[in-house]
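A.B. asks: Mind docking chain B on chain A? Use the hints.
Residue numbers (my numbering), protein chains in the order written: chain A, 1 to 374; chain B, 1 to 374.
If you are wondering where the hints come from, they were derived from the structure by calculation, not from laboratory data.
There could be a bad hint or two in this list.
Identical chains share a label here; the pair holds if one copy fits it or two copies do between them.
Pairs of lysine-lysine, DSS-like flavour, derived with a Cα cap of 25 Å [said to hold, decoys possible]:
hint, residue 1, residue 2
1, Lys276, Lys342
2, Lys126, Lys235
3, Lys322, Lys359
4, Lys170, Lys120
5, Lys284, Lys101
6, Lys42, Lys210
7, Lys208, Lys155
8, Lys119, Lys322
9, Lys32, Lys284
Being a predicted model, the structure only gives us computed values, none of them experimental.
There are 2 protein chains.
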Amino acid sequence: MAEHLVTPWEVKGDIDYEKLVKEFGVEKISDKLLERIQKHTKEIHFMLRRKVFFSHRDLKWLLDEYEKGNKFFLYTGRAPSGPIHLGHLLPWIMCKWLQDKFDVEMWFQFPNEEKFLFKKELSFEKAQEALNENILDVIALGFDPKKTHFLIDTKHADLFYEHACKVAKKITFNMVKASFGLDDSTNIGAIFYTSMQAVPAFLPSVLKGKNIPCLIPLGVDQDPHFRLTRDIMPKLGYYKPSIIHSMFLPPLSGVEGKTSSSSSDKNVILTTDSPKEVKNKINKYAFSGGQPTLEEHRKKGGNPDIDVCFQYLRMLLEEDDKKLEQIYKDYKSGKLLTGELKKYTIDKINEFLKKHQEKREKAKKKINDFIYKK
Amino acid sequence: MAEHLVTPWEVKGDIDYEKLVKEFGVEKISDKLLERIQKHTKEIHFMLRRKVFFSHRDLKWLLDEYEKGNKFFLYTGRAPSGPIHLGHLLPWIMCKWLQDKFDVEMWFQFPNEEKFLFKKELSFEKAQEALNENILDVIALGFDPKKTHFLIDTKHADLFYEHACKVAKKITFNMVKASFGLDDSTNIGAIFYTSMQAVPAFLPSVLKGKNIPCLIPLGVDQDPHFRLTRDIMPKLGYYKPSIIHSMFLPPLSGVEGKTSSSSSDKNVILTTDSPKEVKNKINKYAFSGGQPTLEEHRKKGGNPDIDVCFQYLRMLLEEDDKKLEQIYKDYKSGKLLTGELKKYTIDKINEFLKKHQEKREKAKKKINDFIYKK
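The following block holds chain A by itself, in its conformation from the complex (with noise of 0.2 Å):
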């Protein structure tokens, strides 16, 4: 097994949730906690019923404040290089979750300027046109556009660059290479970068004029921003914002990894793909966890812990827990074939796909309803 590397540029090899609870200093979601949410929630998501959202960072703190009325909003953000997946999804269907749920404000990021930053061969024009796709995928899912607000670094940069500049004051070169693994061969605009990151998590503190507790879904890859953030905002009179953090969705090729669109559009399924294209990349690629052949699978059954379309099901597709179990165990005995679990998986695809690509081109006459108004 490859040593696991977690960081906001760079997840590699098999990643050891438990060991990185550890090493990032987060706290296990735990039962009594999904009980204290469902409370106020009546139902629970599956995600963090099945601890897709694996731990967090002060979420009992956040729901002391919302029980005391003070209610939180949500932050959560996409860099743009790329066309969306299935994995990027994860954070932001618990968003829209939260929302209807606890009936809050999103705060929604576009660091239009991360990526371009981050990655050498990357024009500024090609992650705007990332942008302008990006943005699609988001509006497609559902966020109410009274109470979301998109926020585009470059664009309103007048309403973060002074807040952003509050922050950067408090961050050495040498916190930002510990916590980034940068050197001096970085540019300056990616070590300028994790401020800008920073201010949404108390923008909306600024703007209205109050102190807002914060609430941010991410993936665990993004949380050292937020370590470095979270040790900063009180210094500057703002509450530390409340994280969770969501496990990855494994690429096709295997549970080694974070999904990344950057490596190989083949490696994972986009918001965009065809029914067609779902199901030759699913048959094609998909790593299974069953056996060589027929017979050796109906004898010993497969894996369903390291089989790419289970843990779609598992963590995205599959809503209905019994049917998930039944799956499993039908699987593990040998009962269900690879072939059938793929097939199931397609229908599952294409069916979400199906639904969000038509909102998603509904989508194109909303943008102004989300971009926020200055």
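C.D. replies: For chain B alone, coordinates are given in the frame of chain A:
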């Protein structure tokens, strides 16, 4: 004589401008070049004639372009942290003259985050108070509001940040370390800052959709920012900006170092000083090139080259070459006494400040005419 040190953050020691020309790799402004300027301006400003503006980069090219009908724009700026003193005015007075004579636009940057980022003790709020005051001094110099645009970094960051990132991507930490003497304990806002200072050198070209030559009159200590910028701008498709460099008006304590308002308000003449304060400061603190006793002075004569009052007259206050020469001769011969030279300088300063303070008061109603409208 102390070794000189000239960076944008620190000027120390007795400045050897000849040596600086070699160190910085700039060209001296020759009489031939002045003649060429005079063809367009009819007269030549005494600060050019007396080589207070002593060196340049690409000024010949700028004039080539101008003669082809390709007008330049002016760019200079002020990082607010405290009050304005006479030394600050040198490049701005030159800008005003160049604007009038060449009928060109001026873009004036107020990087209201710079000093906040570089000075540990300076709060953002204090820098903004200084900004509001500093703006008045610039307006008071008489710029044409139709052709003058103030850019305030945090307010106009939505115009700046995208382009600052494009600059930043081409500058590594190694490069700024070398140029600005930063280290790993420098904050990441200060590291990024030079990208923001680069932007106004090509922002008018961006906004107008065509490549416009740029001339930057500045104190020679600011040159390192633009050495970097000049390398990068052609890579982004813009002309290298042309620069003319001014010497530093010496502090009252003597010709060592740059007049710095941050060191002590006693050591400089502020634009808001009363006639009494001016009289007191000059009499008490202005370093004299005269002899210890009246008898000795009459006999040996004074040294105008190290006399602060004489330098103020030469660099800023006495436009009349003949009068200045007479003062030089009379002081050197011992005919003119130190008390008399001080009296003359005090009157000159107070005459200048009376008008400046009146215009400064009127400027309060004109601020909006100067701030660039997005």
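A.B. asks: If a hint holds in the structure, say so; if it does not, say that too.
C.D. replies: Consistency of the hints with the structure:
When the C-alpha separation of lysine 276 and lysine 342 is checked against a cutoff of 25 Å, the pair qualifies only within one copy, where the shortest distance is 13 Å, while the shortest distance between copies is 90 Å. Taking identical chains as interchangeable, the C-alpha atoms of lysine 126 and lysine 235 lie at most 25 Å apart only when they sit on different chains, with a minimum of 18 Å there against 37 Å within one chain. Proximity of lysine 322 to lysine 359 under the C-alpha cut-off of 25 Å is found in neither arrangement, the shortest distances being 29 Å within a copy and 80 Å between copies. Taking identical chains as interchangeable, the C-alpha atoms of lysine 170 and lysine 120 lie at most 25 Å apart only when they sit on different chains, with a minimum of 10 Å there against 27 Å within one chain.
In this assembly of identical chains, lysine 284 and lysine 101 lie within 25 Å of each other by CA distance neither inside one copy nor across copies; the values are 39 Å within and 73 Å between. In this assembly of identical chains, the alpha carbons of lysine 42 and lysine 210 never lie at most 25 Å apart, being 29 Å within a copy and 60 Å across copies at closest. Both within a single protomer and between protomers do lysine 208 and lysine 155 lie at most 25 Å apart by alpha-carbon distance, with minima of 20 Å and 18 Å respectively. In this assembly of identical chains, the alpha carbons of lysine 119 and lysine 322 never lie at most 25 Å apart, being 44 Å within a copy and 62 Å across copies at closest.
Taking the shortest alpha-carbon separations for lysine 32 and lysine 284, neither the intra-copy value of 41 Å nor the inter-copy value of 75 Å comes in at or below 25 Å.
Violated hints, listed in ascending order, are 3, 5, 6, 8 and 9; each of the other numbered hints is respected by the structure.
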